[in-house]
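Its first residue numbered 1, the sequence shown is counted upward by one per residue in UniProt numbering.
Possibly wrong hints are sitting among the right ones.
To be verified - Lysine-lysine pairs mimicking DSSO-like chemistry, simulated, CA-CA at most 27 Å apart:
| no. | residue 1 | residue 2 |
| --- | --- | --- |
| 1 | Lys120 | Lys58 |
| 2 | Lys654 | Lys848 |
| 3 | Lys149 | Lys80 |
Hints are computed from structural coordinates only; laboratory data are not their basis.
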Amino acid sequence: MLLKIPVFHYSARGSGITKMLRIMKLTAFLILFFCLHGYAESYGQKVTLDARNDALEKVLSTIQQQTGTQFFFNERLLKKARPVTVSLKDASLIETLNKCFEGQPFSYTIVQNTVIITHKPDAPPRLIVMPEEPAPEPITGIVTGPNGKPMPGVSVMVKGEKNGTLTDQQGRYSLQTGDHAKVLVFSHVGMITKEVLIGSRKAISIALEEGNTSENEIVVIGYGTSKAKDLTGSVARVTDKDLEGAPPHADMAAMLQGKAAGVNVMVANGAPGAPVAIQIRGTSSLNGNNQPLWVIDGIPQYNVNGSDIATILYDFNIRDVESIDILKDASATAIYGSRAASGVVLVTTKKGSKTKRPVIEFSTDIGIQKQSDQFRMLNTDEFKSVIKNATSNYFSTLGTGVTTGGISLVLDYDKIVPGAEVDYASTPFKSTAFFDGSTNWWNELSQDAIESKYDVSIRGGNQASNYYIAVGVVDQQGIIKGSNRKGFTGRFNFDTQIGEKINTGIRVSGAYSKLNNKDDMIDKIWNFRPDFPMFDESGKIFDPGYNEENPLTSLKNKNLTDRKSVNAMGYVEFKPIRSLTLRSSYSVNYNNSIADRFSREGTVYTSHKGQATIRNSETSTTVFENTATYNGMFNKIHSLSAVGGFILENAMYKDFYAGVQNFPDQDIMINLTSGTTPMKPTSTYTSSALASAIARLNYKFDNKYLATFTFRSDGSSRFGPDKRWGFFPSGALAWVASEESFVKQLLPAFSYLKLRSSFGKSGSQVLGNDDWRTLYSAAQYYEQPGMTPSQLGNNDLQWETTISLDGGIDFALNNDRIRGTLGAYVKETKDIIYTRSIPSSSAFTSVKQNVASIRNRGVEFDIAYDLVKTKNTTFTVGFNIAHNLAKALKINGVDSVIEIYSGSALAMRIKEGEPISQWIGYQWSGRYYQSMEEYNLLSGINPTTGAKIWYQNGLNSIRPGDLRFDDINGDGIVDSKDRVPLGSAQPKFFGGFNTNLRYKNFSFTTQFSFAYGAKRYWYTNAANWYGVGLFLKNYPSYVLDSWTPENRDAAWPRMSYGQGSSNTFSDFWLSRADYLRLNLVRVNYRIPQRVVKLKVISAIDLSIAASNLLTLTNYNGIDPQGNFRLTNGGGGISGIGSDYGIYPSVKTFNFAARISFN
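Using the sequences and the hints given, assemble the complete structure.
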């Protein structure tokens, strides 16, 4: 911008008065200009000029366009300018100005980003020729940043003078100084200004440090940005630096584990592409899985068929992330209204830079995955011993009339006398009961998995435009042989300025992955008996012959999933005036998944000669946003920011499923056209729409007092016509106490102190697109087509609404070396939607209703401390912890209770006044038959038949070695009235801590997460302890310590055939899931540029890392956190707390190299 001072006319005649007036007016104008304008950006850009007798003003305009530098001059003054002839290429700003002003009657001064042109003083009347002295030697050096890279555009000034320069693209500078120069001042936006004594030195190189003022950090808040110090809500930030060291297969959501207070991250299992559950400030719904809303570059990510898991996260390239901002309280989330009850996660991807020379970065990451510590399965001899022991337990306690069923597969039943005492050593097993194999199925079918990832990115631009292009390729094996995941990602971000008033840009990304999934084999591998050989005598895969699937057969099954996703967003911004921005954007999000399955004959999936199925699912969303943003400052102390607009969203879900059975060949011809028996195909199409109006007002007074008011109204097609609109307001206040003079005197240690509080409402529409409708399905009766009701609608379904009250303190001490946040909150969710059972006489079995209210209360604490902070060494420690308690306030319906079952057993109860996620069951107090007297009390003799009989405990017949349960109400019978709360599936406390040590070019990073107070239900263990499968499956080695008459103090109850009382849901099967996990250890070394000696390479980073390296826990299941099932509804609550033994967690060791090219 060329700022011209208009010509002034003066009536004063005296030259002194005239000059004084001119100086006063010029000074006043300069003060006004710099108060209003401020610093824009560094002026370290290169200039290319080719002028031939051009006007000076035209040349200055060209320089302004290339560098963004502004020129300030008197309009009359430039009329005296001579034409300019100059030819320069990639010259610095100062070099360019010196050439342009050669022979001109002007001089110039650079103040920040503005060049002030003034008249050159007249030459003195006398010319005195002095002998020429040699020019003093300049001071030279290189300025680098905290990452060791050269920093262009750093201001290098002589303290107290206007003499200065800027560093070039290689961070170099050269500055002529006089003998009187004492101190050099190095400054750059976002960096701590350094002053260095010159002394006698002629070479001074320094490294600038980031201004560790987290309160000045720019965070994304939804439809805008804000400085952290101006926030009134609770927002946590994770930067790309916090994500460094992630293994090649890393999921973006999983990498948040332990990094933000109040954000509980749980990885489902170690399988490639496994889902991740995130809960922000507790449980807000019973209908969904309480996942937050993810927004990537302004595009909401959610599954449009009713779930709220964004599958695009599985294939998102973590290298593209610039920052992740987590919105937690109502003040921050209300702008997203209907989907913000469980929090919002805003992901910002990387952009280009304003340097003309592109920066190319290549990184490679090679890793190996190993199974985490795992319990051992029984070998053949141990298995035979356990089975014989269990058989003895079973038959020695039989009464008359007991049906033995499938036990005849392994026992010569004709030689068994029911009710007789049987010695397991002489139990008459059939000759076919055991085999001579000795197979460790896990060792045979598992592997150390190799994974690799390659990324290339290019970023660059100029003052008007910038771009970021990135491509990534990943190849990941699973720890089960044959399982793998291959895929690639691509991204193109582009922004450009058209003139002074228009900005436009696009964000385009795509991903493709092919997943060969074998996670359904884990259970088969663990359960298949060790005495079974891999192959029979003829060399064929061994078939035990009783509906048990050999894992080698399962290995040949096909289970492929192809996933594709495309996200595209374009925007246009128009600034009619400096303080107002009008913005329109349109985005498209498309996802496609094709699941291709083939199950061979002899597997549990089919009794036919093979079965092939294909499922093709598509989802797409479009979002049209229009906003107006105003930013203004009044009287220097009043700051006002406002945004308003409307959004239209449309979503579609389409699904098709088809299959065939009976194939003439099960090795090659396994596509749908080769099967001979078609299966009934199914198809689904559903859609939804959302219309929204938003408004937010931020006010700041004197940088001390802050206020935010947010309003959003949503209309959703997922509700009936009379219930579609929801209104979600919020308000927040904050006081930056550290700006008060009296606080500075009272609390001088605080460099920053802010108190904030917020209150507001957000909503949830986590339900199916058509749940409010009554639906019918096609059917036939006696070969006549017809319709049958399939879903009872409810026009009265309305929004789930969450009202939140939040308060917090943000602080920094000791010049920001200590930084932290302390907060507390209460959030109450009303009108929670849940599926209730109804009488079958209605022709339906269930209906969705608004039935419940929940309240979450919690506290959060987050702190970071720079223990050491010197020129060459920094050591920072971070810690966060959170506590949340969710309680049911109101349950509509019979007995005001919601019961949640695990299989057929009642596992959880949600009752008014009690915590949710609370296990309910029987309290065990030992085992029966600790003495002969007790043994005799358990049994009696039937006077009619003379056979032994066993007494009941109210649940089942009691046998020696069974678990004993407490009779809570003392009525002498253990029954459903004796169920009690057994603990919660949710932890009482959870969090993480990290350390970061940097010494010169070395850095060492650790990241931990922890949880305390949760109890997990080991579902697989409890379900399989008894039952028909006893003789058909293997067991973990800990069953060797099960009850026998000789081992009455064993850790586990008796092994036996058939159903007993011990597997009744009780706290025996619950285990404390406290843990401390070392998520990441990383060592990084940056090779100095002087060692590389290649100008085209600016940096080389080498690192080694280990992920999920160590878990300290007393949990007796597979994983204290993983192996859950992520589902909707109440099952989602119990599912996260249950260990299903799906897939073990894995350790990853990886080596990475990253090269940056100039």
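Hint check results:
1. Of the supplied pair hints, the one linking Lys120 and Lys58 holds, its CA atoms being roughly 20 Å apart against a limit of 27 Å.
2. At most 27 Å may separate the alpha-carbon atoms for a hinted pair to count; Lys654 and Lys848 meet this at roughly 23 Å.
3. Distance hint between Lys149 and Lys80 is unfulfilled; the C-alpha atoms sit about 44 Å from each other, more than 27 Å.
Comparing the model with each earlier hint shows a violation of hint 3 alone; every other hint is respected.
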